[in-house]
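Visitor: Single-letter residue listing:
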Amino acid sequence: MIFFNAETPSWMISPIVVPLTAGLLCFLLSRRTFVIALAAALANLIAVCFLTCQLLVFGPMRCHVGGWLPPLGITLRTDGPAVLMLLMTAVTGLAITLYARGYFTCRISEPRLAGRHQRQQRYFWPLWMLLLAGLNGLFLSNDIFNLYVTLELIGISAASLAALSGKPASQLASFRYLMVSLLGSLTYLLGIVFLYRTCGVLDLDLLRNFTAGGSGMRVGLALMSVGLLLKTALFPLHFWLPPAHANALAPVSAILSALVVKGSFYLLFRFWFEVFASIITTSALNFMGALGAIAVLWGAVQAMRQQRLKLMVAYSTVSQLGYLFIAFPLSKVADGVQVWSIVIFMALAHACAKSAMFMAAGTVFLHLGHDRIKDLNGIRSSLPITVFAYGIAGVSLMGLPPSGGFIGKWMLLTSSLASLEWWWALVVMAGSLLASIYVFRVMSRFFVIPEGFSLKKSEPLSPLLEWPALVLALISLFLGLAAPRLLHILATGNTALAQVFPGGLP
Amino acid sequence: MSKIRNRRKRLDGFQRLLLLLVICLTTLLGTIILTIPENTPGLAGAVARLQERSGVESPVTAVLLNFRGYDTLLEVMVLLLAVIGVWSLAKAPFPQQVTDISPVQMGVVRLLAPLMCLVAAYLIWQGSHLAGGAFQGGAILGAAGVLMLVTELPWLRGIPALPLRIGLVLGPLLFVGVALSCLFLTGNLLGYPEGTAGWLILLIEAACAISVGLTLTSLFAGGRPENEIPDKHHPADHAPNGDRS
Amino acid sequence: MTYSILTLFDILLVLTLLWLGRRLLGTEDIFKAVVLFISFGLLMALAWVRMRAPDVALAEAALGAGLTGPLFLSALSRMNRTRKGERRLDSDENRGKEHEQDQEQAQTT
Amino acid sequence: MITTLLYSLTGLILFGMGLFTLITHSHPLRKILAVNVMSTGVFLILVATAYIPLGQGEVDPVPHAMVLTGIVVSVSVTALALILACRVQETSNLALLKRKEQAKTTKEVAG
Numbered sequence: 009m010i011f012f013n014a015e016t017p018s019w020m021i022s023p024i025v026v027p028l029t030a031g032l033l034c035f036l037l038s039r040r041t042f043v044i045a046l047a048a049a050l051a052n053l054i055a056v057c058f059l060t061c062q063l064l065v066f067g068p069m070r071c072h073v074g075g076w077l078p079p080l081g082i083t084l085r086t087d088g089p090a091v092l093m094l095l096m097t098a099v100t101g102l103a104i105t106l107y108a109r110g111y112f113t114c115r116i117s118e119p120r121l122a123g124r125h126q127r128q129q130r131y132f133w134p135l136w137m138l139l140l141a142g143l144n145g146l147f148l149s150n151d152i153f154n155l156y157v158t159l160e161l162i163g164i165s166a167a168s169l170a171a172l173s174g175k176p177a178s179q180l181a182s183f184r185y186l187m188v189s190l191l192g193s194l195t196y197l198l199g200i201v202f203l204y205r206t207c208g209v210l211d212l213d214l215l216r217n218f219t220a221g222g223s224g225m226r227v228g229l230a231l232m233s234v235g236l237l238l239k240t241a242l243f244p245l246h247f248w249l250p251p252a253h254a255n256a257l258a259p260v261s262a263i264l265s266a267l268v269v270k271g272s273f274y275l276l277f278r279f280w281f282e283v284f285a286s287i288i289t290t291s292a293l294n295f296m297g298a299l300g301a302i303a304v305l306w307g308a309v310q311a312m313r314q315q316r317l318k319l320m321v322a323y324s325t326v327s328q329l330g331y332l333f334i335a336f337p338l339s340k341v342a343d344g345v346q347v348w349s350i351v352i353f354m355a356l357a358h359a360c361a362k363s364a365m366f367m368a369a370g371t372v373f374l375h376l377g378h379d380r381i382k383d384l385n386g387i388r389s390s391l392p393i394t395v396f397a398y399g400i401a402g403v404s405l406m407g408l409p410p411s412g413g414f415i416g417k418w419m420l421l422t423s424s425l426a427s428l429e430w431w432w433a434l435v436v437m438a439g440s441l442l443a444s445i446y447v448f449r450v451m452s453r454f455f456v457i458p459e460g461f462s463l464k465k466s467e468p469l470s471p472l473l474e475w476p477a478l479v480l481a482l483i484s485l486f487l488g489l490a491a492p493r494l495l496h497i498l499a500t501g502n503t504a505l506a507q508v509f510p511g512g513l514p
Numbered sequence: 254m255s256k257i258r259n260r261r262k263r264l265d266g267f268q269r270l271l272l273l274l275v276i277c278l279t280t281l282l283g284t285i286i287l288t289i290p291e292n293t294p295g296l297a298g299a300v301a302r303l304q305e306r307s308g309v310e311s312p313v314t315a316v317l318l319n320f321r322g323y324d325t326l327l328e329v330m331v332l333l334l335a336v337i338g339v340w341s342l343a344k345a346p347f348p349q350q351v352t353d354i355s356p357v358q359m360g361v362v363r364l365l366a367p368l369m370c371l372v373a374a375y376l377i378w379q380g381s382h383l384a385g386g387a388f389q390g391g392a393i394l395g396a397a398g399v400l401m402l403v404t405e406l407p408w409l410r411g412i413p414a415l416p417l418r419i420g421l422v423l424g425p426l427l428f429v430g431v432a433l434s435c436l437f438l439t440g441n442l443l444g445y446p447e448g449t450a451g452w453l454i455l456l457i458e459a460a461c462a463i464s465v466g467l468t469l470t471s472l473f474a475g476g477r478p479e480n481e482i483p484d485k486h487h488p489a490d491h492a493p494n495g496d497r498s
Numbered sequence: 008m009t010y011s012i013l014t015l016f017d018i019l020l021v022l023t024l025l026w027l028g029r030r031l032l033g034t035e036d037i038f039k040a041v042v043l044f045i046s047f048g049l050l051m052a053l054a055w056v057r058m059r060a061p062d063v064a065l066a067e068a069a070l071g072a073g074l075t076g077p078l079f080l081s082a083l084s085r086m087n088r089t090r091k092g093e094r095r096l097d098s099d100e101n102r103g104k105e106h107e108q109d110q111e112q113a114q115t116t
Numbered sequence: 077m078i079t080t081l082l083y084s085l086t087g088l089i090l091f092g093m094g095l096f097t098l099i100t101h102s103h104p105l106r107k108i109l110a111v112n113v114m115s116t117g118v119f120l121i122l123v124a125t126a127y128i129p130l131g132q133g134e135v136d137p138v139p140h141a142m143v144l145t146g147i148v149v150s151v152s153v154t155a156l157a158l159i160l161a162c163r164v165q166e167t168s169n170l171a172l173l174k175r176k177e178q179a180k181t182t183k184e185v186a187g
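Residue numbers (the working numbering), protein chains in the order written: chain X, 9 to 514; chain D, 254 to 498; chain P, 8 to 116; chain Y, 77 to 187.
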């Protein structure tokens, strides 16, 4: 037991092993699966909080699995960004777990479709727990091939979850999602092959120190980036996202939109700004920024034109993912920690706000039986908490102060003005304007009381359906106030960043 | 016919462009492969140096289950995940009435199935020093299962779900269990204690092979067993939901 | 001398693999494509042995060709079954009428 | 070293052929076949990277382990994708049938 004081890095494996075991148990036992999943989500949150404290006290850590050192063994590591992403996953994951319970209980109480919903609930828990384990593994891993395995774990469970609703549209979307995700992982694997051929190592730290890479390394990075971009759904490669996210069950949409897309993005960002930062050229950064800018505008315009609430929220995801890529070209002037903080802030705020929004949309769907935007009149009177949650999440998406989205966009604006590349600032403002249009278009429907509408009290919904969304929305709103603390966490882990950008790139 | 041909002609422009792009990409990647210098050492030296401490003689098994055992742990999960996904999608399409099985087929299955199990066991045991191991053995077991499924043995239909689930989870759960107990004993996840590595690896491989075999069979069956989800008019299941509505 | 013979074997194997790959991706008939895929997998196993990777060869022969092939075949037969079922329902006048009658009854009651 | 290059280029061409088929063909089974060919191509490059002629030293076992992992992953994904494709066809057929029947009944009602 002497191995288990606060300093041991072995604690790092708990966010992976706990959901993994819970997933196995959820599949094995057919009863009490919710209790197991809830216990695992809670334990995961506690473990991640512990890892955060460990990071703040002892600094970044490395855990060598099996005691084998890097060239051969697999290394896990914590640093600021990884811990913040883990925190995001744990908090959002806990809320989604609670919401999913409310959702399934509500659906099963309809006798007509009870069988189908029992099937959905039966398989939702193991799939979700294994997905959580995969995500945590992705954020912690420090080995490119191990990352490939976690990507596959995430891809397969996400596609199965997306198909869970059983509707033809969702199954078709899920098939396409599976194919795209497979293509993405294969391209990533081809990139690994090129890297291994050039460098002969798989560990990220060793790859970073490998300077004589040349064209093999560059092509490997390009292939891996294309694979990850497919999974992240950046603009020209986003075609699979809206149908897959909009046709899934509400908790599944929240998981896919808030967490799964962030996993591959985090990886991409880490490759570009930490591991292979020395071979990234300015034109590549500008190219990514341009794609991001198009995604922001195009996604927002598409979101405005949608007739269904969930599709609108899904297109808004395409738009919001674009902001993350606009940060790429700004690294020319901003220092490393600033770019990391822009991206992490946007990602955290978007994860909380978007999952709250999908939960609210799901509750509206459960309440009305449809989500056509033009028929949403008067929901405010029957679902006040849900409407409130939707509004607050919308505020964060628009980027009004003091939300986390505001901090991210503010940093984007200042660094784009500092770099004298004002067009990025223009795109950010236009994106916010369009976001406010599509959010308020739905909001105004909620508050319209149609003629002949009686304020009769409908039967109250389970609190599990409404409160998780509200709490997440509030977190995304007050994320801006916690900014200094989060920046502190980010900076403690990033000792390496100072070396990467000694005064910015030329 | 002419209509089809017309449509194909119209698509040709896009296809030709794509073909050109793919050819360019392949050529580019090919030239870059040619430029990569040949003298990268790889990890062969590291494996050879640490081989003695791994507890097995076959280098591939050492990498799979000792040096990079964590990868294999996650990979076993991927296999299980595929089964969960398939079960969530469909029921196994067993034939409604069992047709008569020809005695020849029956005899072949009776002869082959035990033989295949033997071969699988041999492959798992051989994995510690030659080619073979959990996945190859599991694949042979899976082939035996597929053979039985194809023969449509009548008792396969009635296999209860719980033992099947236990069999499916056995390998992954044992793997996680061994990994965690190693963590408590040596302070490292999957850091086998001195001298026990060989036995532990054999144990993990045997359990995983059984699970992999069952997994592949279930994947071939193409859906969940009949009684996998509790009936909706099961009293114990329905009561709590009924209260709430 | 052995070097050249082995190289000849390599070139032959590679050309066969490429030809099989092109055929299996290009044929109109999916069933034929699946059969070609199985033989492609078996030849791949030969290539793995040539590359001194017996473990991979065993896995490819057992998993890649031995199990993926049957998986494809069973999926194909399942798809054909549903397509046939649809056609039968479509063309079978009586059954269609029965359905309609059922629906009418349901509507009147 | 000609062997390594020969097999690597073959793997690359297989990858390209699979990619082309994956994008252009619409039949789901063909798409899954294409993905399988692509993955085989990637594995071929990986194993060719590790290859050393007989008598010139030990082969690098790490790529072999990676390919083994990859084969197992690709088999499980293939199985899932196949069942998903079957389900898509079954449910869409069912939906089509329902819509046809509805159209029939509405036509009769109108008539």
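Any given hint might turn out to be false.
Chain Y is faced by these chain D residues, among others (derived, beta-carbon under 7 angstroms) [stated by the list, open to error]:
hint	residue
1	Leu317
2	Asp324
3	Glu328
4	Leu342
5	Ile419
Here are the simulated DSS-like cross-link-like pairs (lysine-lysine), alpha carbons at most 27 angstroms apart as the crow flies [stated by the list, open to error]:
hint	chain 1	residue 1	chain 2	residue 2
6	Y	Lys176	X	Lys175
7	D	Lys344	Y	Lys176
8	Y	Lys180	X	Lys175
9	X	Lys175	D	Lys344
10	X	Lys175	Y	Lys174
11	D	Lys344	Y	Lys180
12	X	Lys382	X	Lys175
By construction, these hints were calculated from the structure, which means they are not laboratory data. Computed from a predicted model, the values in this text were never measured in an experiment. No residue lacks a Cβ here, since even glycine has one placed at the ideal position from N, Cα and C.
Visitor: All hints are to be evaluated individually against the structure, with a verdict given for each.
Guide: Evaluation of the provided hints:
1. With its C-beta approaching chain Y no nearer than about 5 angstroms, leucine 317/D sits inside the 7 angstroms limit, and its interface hint holds.
2. Annotation: aspartate 324/D was flagged as interfacial toward chain Y, and the flag holds, the nearest CB pair being 6 angstroms apart, inside 7 angstroms.
3. Nearest Cβ of chain Y to the Cβ of glutamate 328/D: about 5 angstroms, under the 7 angstroms cut. The hint holds.
4. Hint status for leucine 342/D relative to chain Y: holds, with the closest Cβ pair at about 5 angstroms, below 7 angstroms.
5. Taking 7 angstroms as the C-beta cut-off, the interface hint given for isoleucine 419/D is violated, the closest approach to chain Y being about 20 angstroms.
6. With a CA separation close to 18 angstroms, the supplied pair lysine 176/Y and lysine 175/X stays within the 27 angstroms bound.
7. Restraint check for lysine 344/D and lysine 176/Y: satisfied, since their Cα atoms lie roughly 26 angstroms apart, inside the 27 angstroms limit.
8. In summary, the hint linking lysine 180/Y to lysine 175/X is supported, as the alpha carbons are separated by about 23 angstroms, within the 27 angstroms threshold.
9. Restraint check: the Cα-Cα separation between lysine 175/X and lysine 344/D comes to about 16 angstroms, which is no more than 27 angstroms; the hinted pair holds.
10. Between the alpha carbons of lysine 175/X and lysine 174/Y the distance comes to roughly 14 angstroms, so the proposed pair stays at or under 27 angstroms and holds.
11. Between lysine 344/D and lysine 180/Y the alpha-carbon distance is near 30 angstroms, which puts this suggested pair outside the 27 angstroms criterion.
12. Restraint check for lysine 382/X and lysine 175/X: the C-alpha separation of about 23 angstroms stays at or below 27 angstroms, so the hint holds.
Of the numbered hints stated above, those contradicted by the structure are hints 5, 11, listed in ascending order.
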